[in-house]
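J.: Could you slot chain B onto chain A? The hints should help.
If you want the building blocks of each chain, they are given just below.
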Amino acid sequence: VNVTQRKREEMELRHSQKLEAVGRLAAGIAHEINTPIQFVGDNTRFLRDSFREELQLVQKYEDLRLAAASGNVPPPLLEEVLALRAKVDWDYLAAEIPRATEQMLEGLSRVSTIVRGMKEFSHVDRSNQKAPGDINRAIESTLIVARNELKYVADVETHLGELPPVVCHLGDLNQVFLNLLVNAAHAIDDVVKNTGRKGKIAVSTCRDGDWVEIRIADSGAGIPEHIRAKIFDPFFTTKEVGKGTGQGLALARAIVVEKHGGTLTFESTLGEGTTFIVRLPLIGISLREEALTR
Amino acid sequence: VKKILFVDDEISILDGLKRMLRPMRSEWETSFAPGGEAALSFMESTHFDVIVSDMRMPGMDGATLLEIVREKYPSTLRIILSGYTELQASLRAVPVAHQFLLKPCDPDMLRAGIARATSLGEALDSKMLTTLVGALRDLPSLPRVYGELKQALEEPNVTIEKISQIVEKDVAVSAKLLQLVNSAFFGLARDVTDVKTAVSCLGMNVLHDLVLTLEVFRTFTPNEFISEQFLEQFHRHAQLSARIAGGIAQKSQLSPAVVLAALMHDVGKLVIAERIPAHLARAIAQAEADGKQLYEVEESLTHISHAEVGAYLLSLWGFPYAVVEAVAHHHHPRRAPTNSLDMVFAVYVTNILAHELECLESGQIPPSLDLELLQSAGVLDKLPEWRKIAEAAHATQTQTVG
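Each protein sequence line maps, in turn, to chains A and B. In terms of my numbering, the first sequence is residues 1 to 294. In terms of my numbering, the second sequence is residues 1 to 402.
If you are wondering where the hints come from, they were derived from the structure by calculation, not from laboratory data. You may find that some hints are simply not true.
[What the hints assert, rightly or not] Below, computed lysine-lysine pairings styled on DSBU-like, alpha-carbon distance capped at 35 Å: (1) Lys193(A) / Lys3(B); (2) Lys198(A) / Lys72(B); (3) Lys193(A) / Lys18(B); (4) Lys3(B) / Lys198(A); (5) Lys2(B) / Lys60(A); (6) Lys72(B) / Lys193(A); (7) Lys150(B) / Lys196(B); (8) Lys151(A) / Lys72(B); (9) Lys251(B) / Lys382(B); (10) Lys150(B) / Lys87(A); (11) Lys200(A) / Lys2(B); (12) Lys119(A) / Lys2(B); (13) Lys151(A) / Lys196(B); (14) Lys18(B) / Lys60(A); (15) Lys230(A) / Lys193(A); (16) Lys87(A) / Lys251(B); (17) Lys162(B) / Lys150(B); (18) Lys151(A) / Lys87(A); (19) Lys162(B) / Lys196(B); (20) Lys239(A) / Lys150(B); (21) Lys72(B) / Lys162(B); (22) Lys2(B) / Lys151(A); (23) Lys87(A) / Lys72(B); (24) Lys3(B) / Lys151(A); (25) Lys72(B) / Lys169(B); (26) Lys3(B) / Lys60(A); (27) Lys127(B) / Lys18(B); (28) Lys198(A) / Lys196(B); (29) Lys239(A) / Lys251(B); (30) Lys200(A) / Lys72(B); (31) Lys150(B) / Lys193(A); (32) Lys130(A) / Lys200(A).
[Claimed, not checked] These stretches of chain A come out as covered by chain B in the derived footprint (C-beta under 8 Å, 3 or more residues): (33) 27–36; (34) 59–73; (35) 95–109.
Glycine included, each C-beta is placed from N, C-alpha and C at the ideal position.
Chain A with its partners taken away, still in its complex shape (with noise of 0.2 Å):
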C-alpha cells in the first residue's frame, strides 16, 4: 500500500509541476507569438495602403498606353505620370515591398517554429514503456518555448553532437532540461540583474560509449560550497517566494536516475558559473526497473 501510495503522490507531484511549468511558459510563449503577429500586421498594413497608390499609378500608366497606342501622346500626360510616380513614391515602394514580404514569410515561419516547438516539448509519453527518442530535438524545442524565459537575461549557445536514438520518457526529459535551464537563467539573472548585461548559457550534447551527455552550462555566481550537498532535497530553494518550489531539481533527479537509470551531477565554480551534467545510458533502462519488472 505505501508503495502505490508513494508513486501517486510522486506522479501528483510531478503533474501539478508540469502544470506551474505550462502557466510560466504560457505568458513568455505568447508575447513570442505576439511579436510576429504584429509586425505581420503592420506589414500587411502597408502593403494595403501601398496596393492603393500604385493601382492609381498603374491606371496613369494604362492612360498613357492607351495614348500611345492612338498614336497621341499629349505632353501634360507625360508630365502627370512623372508627378504621380513621384507623389507614390514608386522608388521607395519598389525597394520596400520585397522586404516586407520577406519579413513577413519570416514572422510566420518564426510563428510555426513555435507552434511546433509547444507541440514536442508536451509531448505525452504514450504508456509506461520508453521509447527511442531524439534527444537534440527535445532541447531544441525546450529552448523554443523556453525562450523568453531566457532571452532578456542570457545568449544561448548550442554544441548539438551527432546522438542516437537514446530509448525514454521524452516528456519527462523535456521537463528536466526546461528545470536546468529556468534555473540557469534565474542565476545568471541574480548577478546581471539591473545592470544592462547579459549572461550565456551554453548547452551541449555528446556521445559517450554507451551513453549521451547533455551539459547545461551558465555564467552565474556559482552555488556556495555550503549548500551544494543539498540542492537536490525536495523544497530545498534558494529563490524568493513564487519564483520556485524547491521542486525542481529533486524530481529531475528523481526522473534522471529512478526513471532512466542516469546521473545528473553538476560542476560549480564560484564567480564563474555551474554546469549541470545529465548522462543517460542510450537503451535506457534502469537495472533497478528491469529487477522490479520481473
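T.: Using the frame of chain A, we list chain B on its own:
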C-alpha cells in the same frame, strides 16, 4: 510636424511600424531606435516631442529608459507600447509613463493617444509648464491613507468597496489608478470617471502589485516649505468638493465625471508642492498677506496657476477631455469654450462653495461667486439649493472626521 521616436529591440517590429506609419508622413517625422542606449544617443542631437518605447528589452528596459528621459528631456511625452502579456512588467513604468498603449496598435490608436496628451500643451504653449509637469515623477500620497490602503490590501477577503473608499481619500492614488485604467492598455471602450470602477477594472492583483510589490506610490514627507497640515487640508478640500459635486450632479443630471473633476480640480497644487515647494510657500504667504486668492498671486507671478498645471498633468495622463477642461478653467469659467459649460460651471461653483464653508472655520476670505455669470447662464435660482447640498456635504464630512 511632430517628432516621434520609437524604441524596440526587435528590428522587424520597427521596420513594420515604419512602413505602417507611412500614411502619417506629412504629420509626423518618425525615428526608430533599436534599444534604450540608441534612443538616448538619438535624443542627444534631436528634440523629440514624443517617445514610444517597448517595455521589455534586453539591457535597458522601457521603464529605465523613460526614467532617464524624464530627467533629461522632461518636455518629451513618454508612452509605453507593450503587449498585454507584459502587463506585469509594464506596471514598473507606471511612475514615469504618461500613456500606455497596447500592441498591436494601429495608426489611429497611436494618433488618438498622442493627440489626447498633447492638445492642451499646445494650446497653453508654455515651456515652463511642460518642464514643470514633464519632470514630475509621482504625486505624494497622504501617509495616513496610504498606510490604511496597504493594510487593507494585505487582508485576504477585502472587498472592492472598501479599497475604493480608501483610495478616494487620496488624490494621488486616485489619479494614478484612473490614468492606468483609462489608458488604451486596458482597451476599455469608454472613459472611466470614478474610482470604484477603476478599482474593479484593474482588479485586486494589479492593485496588490502596484502598492505592495512595486511600491509605485510614495508618501509625502513634510519639509521646510510644505507641512503635513497643508496636505491634509488639500485632501479635505478635494473630498468636500467631490461630495458637493456629487450632490449637484444628481440634482441637475450632470455627467458623473463632474465628481472626478471636482476631486482633481486642485491636483496642480500637488505638482507644485512636489516640484517647486519654495515657490508655493511664497505664493501662499503672499496671498495671506495681501488678502488674495492663491491663484491670483500665482497668475501675477508666472501667468500660470495650479489650475493649468493640474489640467496639463491630467491631459498628459489621458484623462477625459471634459475633466481636463473643467480643471483648467475652474477659476475662470468665462474663459472656457462654450460647449463644456455645464461641467466647468459645476466645478467652479463647487470649489467656491467648499471654500466658503471652510473659511467659516478658518476665518480666511473665500473667493466670491460671479453672480452675474450664474445669472447669464440661467442657474442663479439654483444657488440656494446648491448651498444646501454643500452644507449637508460639509456636515457629513465633519462628522466622519470627528
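J.: Now look at each hint and say whether the structure bears it out.
T.: Here is how each hint holds up against the structure:
Our distance criterion of 35 Å between C-alpha atoms is met by lysine 193(A) and lysine 3(B), whose separation comes to about 33 Å. Proximity of lysine 198(A) to lysine 72(B) is assessed by CA-CA distance (about 26 Å); at most 35 Å being required, the pair is judged to hold. Distance check on the hinted pair: lysine 193(A) and lysine 18(B) sit about 32 Å apart at the alpha-carbon level, within 35 Å; holds. Taking the CA atoms of lysine 3(B) and lysine 198(A), the gap is about 32 Å. The hint holds against a cut of 35 Å.
Restraint check for lysine 2(B) and lysine 60(A): the C-alpha separation of about 33 Å stays at or below 35 Å, so the hint holds. For a cut-off of 35 Å, the pair hint linking lysine 72(B) to lysine 193(A) stands: about 24 Å separates their Cα positions. As the CA atoms of lysine 150(B) and lysine 196(B) are separated by approximately 17 Å, the hinted pair is consistent with the 35 Å bound. At roughly 29 Å between alpha-carbon atoms, lysine 151(A) and lysine 72(B) fall within 35 Å of each other, so this suggested pair holds.
Restraint check: the Cα-Cα separation between lysine 251(B) and lysine 382(B) comes to about 10 Å, which is no more than 35 Å; the hinted pair holds. For the given pair, lysine 150(B) sits about 59 Å from lysine 87(A) by alpha-carbon distance, which is inconsistent with the 35 Å threshold. Of the pairs offered as hints, the one joining lysine 200(A) and lysine 2(B) is violated, with about 41 Å between alpha carbons and a cut-off of 35 Å exceeded. The straight-line distance between the Cα atoms of lysine 119(A) and lysine 2(B) is roughly 46 Å, outside the 35 Å bound, and the hint therefore fails.
With a C-alpha separation of about 39 Å, the suggested pairing of lysine 151(A) with lysine 196(B) is violated against the 35 Å cut-off. Among the hinted pairs, lysine 18(B) with lysine 60(A) is consistent with the structure: their alpha-carbon atoms are about 27 Å apart, no more than 35 Å. Only pairs whose Cα atoms come within 35 Å are accepted, and lysine 230(A) paired with lysine 193(A) is accepted, the gap being roughly 25 Å. About 58 Å separates the Cα atoms of lysine 87(A) and lysine 251(B), which puts this hinted pair outside 35 Å; it is violated.
Proposed proximity of lysine 162(B) and lysine 150(B) is supported: the alpha carbons are some 12 Å apart, at most 35 Å. Of the pairs offered as hints, the one joining lysine 151(A) and lysine 87(A) is violated, with about 42 Å between alpha carbons and a cut-off of 35 Å exceeded. Straight-line distance between C-alpha atoms of lysine 162(B) and lysine 196(B) comes to about 9 Å, which keeps the hinted pair within the 35 Å bound. Taken as a hint, the lysine 239(A) and lysine 150(B) pair is honoured in the structure, with Cα atoms around 25 Å apart against an allowance of 35 Å.
Simply put, lysine 72(B) and lysine 162(B) have alpha-carbon atoms about 40 Å apart, too far for the 35 Å limit, and the pair is violated. For the proposed pair lysine 2(B) and lysine 151(A), the alpha carbon gap of about 34 Å is at most 35 Å, so the pair holds. A C-alpha spacing of about 38 Å is found between lysine 87(A) and lysine 72(B), which places the hinted pair above 35 Å, so the restraint is violated. For the hint linking lysine 3(B) to lysine 151(A), the alpha-carbon distance of about 31 Å falls within 35 Å, and the restraint holds.
At roughly 33 Å between alpha-carbon atoms, lysine 72(B) and lysine 169(B) fall within 35 Å of each other, so this suggested pair holds. For a cut-off of 35 Å, the pair hint linking lysine 3(B) to lysine 60(A) stands: about 34 Å separates their Cα positions. Proposed proximity of lysine 127(B) and lysine 18(B) is supported: the alpha carbons are some 30 Å apart, at most 35 Å. Restraint check for lysine 198(A) and lysine 196(B): the C-alpha separation of about 42 Å exceeds 35 Å, so the hint is violated.
With a CA separation close to 57 Å, the supplied pair lysine 239(A) and lysine 251(B) exceeds the 35 Å bound. With a C-alpha separation of about 33 Å, the suggested pair lysine 200(A) and lysine 72(B) falls inside the 35 Å cut-off, and the hint holds. Our distance criterion of 35 Å between C-alpha atoms is met by lysine 150(B) and lysine 193(A), whose separation comes to about 27 Å. Of the pairs offered as hints, the one joining lysine 130(A) and lysine 200(A) holds, with about 33 Å between alpha carbons and a cut-off of 35 Å not exceeded.
For the stretch 27–36 of chain A, the assignment as covered by chain B holds, since 7 residues bring a beta-carbon within under 8 Å of that chain's beta-carbons and 3 suffice. Under a criterion of three residues with beta carbons nearer than 8 Å to beta carbons of chain B, the stated coverage of the stretch 59–73 of chain A fails, only 0 such residues being counted. Check on the stretch 95–109 of chain A: 6 of its residues sit with their Cβ under 8 Å from a Cβ of chain B, so the three-residue criterion for coverage holds.
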